[in-house]
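Q: Letter by letter, the chains look like this.
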Amino acid sequence: MNIVVCVKYVPDAQSDRSFRDSDRTVDRDGVDGLLSELDEYAVEEALKIVEAAGEGEVTVLTVGPEAAANAIKKALQMGADRGVHVEDEAIHGSDAAATSLVLAEAVRKATGGTPELVMTGMSSTDGVMGVVPAMLAERLGLPQVTYASELTVGEGTVTIRRDGDTASETIEASLPALVSVTDQINEPRYPSFKGIMAAKKKPVEQWGLADLGIDTSQVGLDAAWTSVVSVTKRPPRAQGQIVADEGDGGSRLAEFLAGQKFI
Amino acid sequence: MFELSQDHEDFREVVRDFATQAVEPHVAKWDRAHHFPTELVPQMGGLGLFGLVVPEAYGGSLEDADGGAFTSLCIAIEELGRVDQSIGITLSAGVGLGINPILTYGTDAQKERFLPDLVAGRALAGFGLTEPDAGSDAGATRTKAVLEDGQWVVDGAKAFITNSGTEITSVVTVTARTGTDPEGRAEISAIMIPSGTAGFTVEAPYDKLGWNISDTHGLSFSGCRVPEDHLLGARGHGFRQFLKTLDDGRIAISALALGLITRMREEATAYATSRTAFGRPIGANQGVAFPIADLAVMEENARLVTYRAAWLKDEQEAGRRSVAEVKQAAAVAKLYTSEAAVAATRIATQVFGGNGFMEEYPVARFYRDAKILEIGEGTSEVQRMVIAKGLGLPTA
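Chain order of the listed sequences is A and B.
Residues in the first sequence are numbered from 0 upward in steps of one, following numbering that gives the first Met the number 0.
Residues in the second sequence are numbered from 0 upward in steps of one, following numbering that gives the first Met the number 0.
Think of the hints as simulated: they come from the structure by calculation, not from any bench.
Keep in mind that this is a model prediction, so the values were computed, not measured.
Misleading hints may appear alongside valid ones.
To be verified - Restraint-style ranges between C-beta atoms, simulated for each label pair:
id, chain 1, residue 1, chain 2, residue 2, range
1, B, M357, A, R236, 16 to 26 Å
2, A, R251, B, R11, 51 to 61 Å
3, B, D16, A, G126, 19 to 29 Å
4, A, D11, B, E299, 48 to 58 Å
5, A, A243, B, P204, 24 to 34 Å
6, B, H25, A, G55, 46 to 56 Å
7, B, V322, A, G153, 30 to 40 Å
8, A, Q13, B, P393, 51 to 61 Å
9, B, N284, A, R236, 19 to 29 Å
10, B, E299, A, E137, 51 to 61 Å
Stated by the list, open to error - One side only, chain B facing chain A, incomplete, derived with CB under 8 Å:
id, residue
11, S4
12, D6
13, F17
14, G47
15, L51
16, L61
17, D63
18, V331
19, Y335
Glycine included, every Cβ here is placed at the ideal spot set by N, Cα and C.
Given the sequences, and given the hints that come with them, work out the whole structure.
A: What follows is the structure, given as C-alpha cells:
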C-alpha cells in the first residue's frame, strides 16, 4: 500500500514564539522549527503499515517555506521513502481552507490522482485548528476517519478506534480514505544512524503552485476567509500569593479558594 | 576545518532529542535508586549507537559512515554524557570494551555468536582487565587460565567491571595468565566467559561516589570452565590487544567529559541569569561571570582536543595516520578534558551556591560523577606518563 503522510513544519514549542508585526502571522523566520510532534505519529503509523505489509511506499508531503524541508528530512530519516515539498511565496498566510486546497492538489499529483491512504496528525502544534484533515478529505472525496487511536488496514478497508470522553467508537471505512491519528496511537521512533545517512539519498520533489494548477489568487492572506485583527502577548504570570499561617491558615486558604470559585 | 560535517550534526540532533526526551526525565530518580535502566539499552540499539563502528554484516553502520564512524560514536557519548554520565559510559564501555575486542580479535564464529545482539542492544558485554591488585600494572594479573581436556579452567577475580552484571549481559572477556613466556614473563591471554557459566560469580554492585546508574561489579572465577575456542585473539596477546583498545577508550572518555563541561556551562549560565541577589542577576557580578567565562574556555578547548583525537582515530583507521599519533592525542585529550571536567563541576556548584549542594539540581550529580573521569581508562598520572614517553623523555 502506498501512503501519503501530510506533515507540517512548526516553530519549536520550547522556544519563544512570536507574531510578525506586519501581517500578524506566526513569525517562522526567527525561531527554530521542527516536524510537528503530532505528525510524527502519522509518519510512524504509516511506516508500521508499510513494514507490516512488506510492500508499498510512504510519501511525506509538506506545504511550507524553505526551512520546512527539515520536516521532510526528519520523516525520511525515520524511514519514509520520498518527499514532496510545496513551496511558493504566494502561500504565505494561507488559512486552513487554502492549505487543504494545496495539499489536495499535491496529493493528487503525487499519487497520479489515485491515493490509497492519506494520513495526517490530529492537528498542528502551532495553529491547533485540527480542521485540515477533514477539509482535505472533502476536497479529495475520501471518507474522513479522524482521531484514530488505533488503526488496522484490512482488505479494501481501514478500521480505527476513536476514543471519546464517554465512549470508544470503532469505525470502518472503505479505502481509499483519509485517516488522522492521535498521540495515543504509537510511540514514534527516533531516526537511526543508518536512517540519517539513507535519507540523504531519498528523492524530494519541489513543486510550486503552478505545478499544481493553482492560481495564486486562491491562496495566501488575501484569499483567507478569516483574518487576525490583533495579537496581544499574554501577560507574564503574576506572582503567587503567600499566606503566613497565624493559626488561621486553614480558613484563609478556604477563603482564597472560594474567592477564586474553586470551591 | 573546525566544524563537524552536516551528517554528524544531523546525528547529534537525533541523539540529543533522544537524550532529552527518553533519558533526562528519569536520571535523577535512577541515580537515587542506583538503578540501571535495562530497557534503555535496546532503545539505544535502535538508534544504531552500538553499531556505529561495526560492519553491516553484524547489524552495524560502519559502511554508511563515510570514514567518520568513531567521530559519530564520540558525538553520541558526548550528547548522552551531557544528560547523564552513567548512560554515556554505558555506551562507551558497551562499544569500546564490550563490542570492540570481539570485533577486532574475534573469529567469525565468535563475532556471529555475540555481535548481532550486542549491536542491537539486546545484550551487553564487559571486559575484565583490572584486578583487586592489578590496575594499570596489568602485568601483575593474577587471574589464571589452564587448558584442561579442551577447556579453559579460569580462577581469580576482576574489579570494577562495567556492564558486567546487567540482566542482559551476555559475555565478559577477561585477561588471564595462561603460562609464562620464554623470558619468564607472564603470558596474558583474553578469554570470553558467557554469563551464567558455572564458577563465574558476579559480585554485588559497588557502592560508588558517582556513576550510580552505571552497572559496575567485581567478578570472581572459581574452577570456571569454558571451551577452548573461547580464547579471544591469539594466545599470549591478551595484554597487547587490550592496550590497543585503551587509546579509543581515552578519546571516548574525553567525549564524556566534554558533555559534562558543556552541561556545566549551560547550567551555570542559566542559573546566573535567572537567580537574583541584591536586586540583580548574580551573573551581573564579575565574581560569578568570570568563572562562567572560564567554563566556556574549557568547553571550547575540550571540544577541540576531543574531536581532533577522534578525527585522528578515523584517519588512522583509513591508514592515513599512525597509531603513535592517535595514542598521544588520546592521552592529551583525556588528561585535559577530565581535569577540566572536575574543575567545571566545582565552578558550577559554586555558582549555584547552596542549591549546588542539593540533589534537587543536576549539578550535584555531575559533581559526584566527574571525579572518576580522572581515574578510569588510566589515571591522570598515567596519561602524563604516556605523554612524556611520547615526547621521547627518558623512562624510569
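Q: Against each hint, give a clear statement of whether it holds in the structure.
A: Status of the hints after comparison with the structure:
| no. | hint | in the structure |
| --- | --- | --- |
| 1 | M357(B) x R236(A): 16 to 26 Å | holds, 25 Å |
| 2 | R251(A) x R11(B): 51 to 61 Å | holds, 52 Å |
| 3 | D16(B) x G126(A): 19 to 29 Å | holds, 23 Å |
| 4 | D11(A) x E299(B): 48 to 58 Å | violated, 26 Å |
| 5 | A243(A) x P204(B): 24 to 34 Å | violated, 47 Å |
| 6 | H25(B) x G55(A): 46 to 56 Å | violated, 36 Å |
| 7 | V322(B) x G153(A): 30 to 40 Å | violated, 60 Å |
| 8 | Q13(A) x P393(B): 51 to 61 Å | holds, 56 Å |
| 9 | N284(B) x R236(A): 19 to 29 Å | holds, 27 Å |
| 10 | E299(B) x E137(A): 51 to 61 Å | holds, 56 Å |
| 11 | S4 | violated, 11 Å |
| 12 | D6 | holds, 7 Å |
| 13 | F17 | holds, 5 Å |
| 14 | G47 | holds, 4 Å |
| 15 | L51 | holds, 6 Å |
| 16 | L61 | violated, 10 Å |
| 17 | D63 | holds, 4 Å |
| 18 | V331 | violated, 28 Å |
| 19 | Y335 | violated, 28 Å |
When held up to the earlier numbered hints, the structure conflicts with 4, 5, 6, 7, 11, 16, 18, 19 and fits the remainder.
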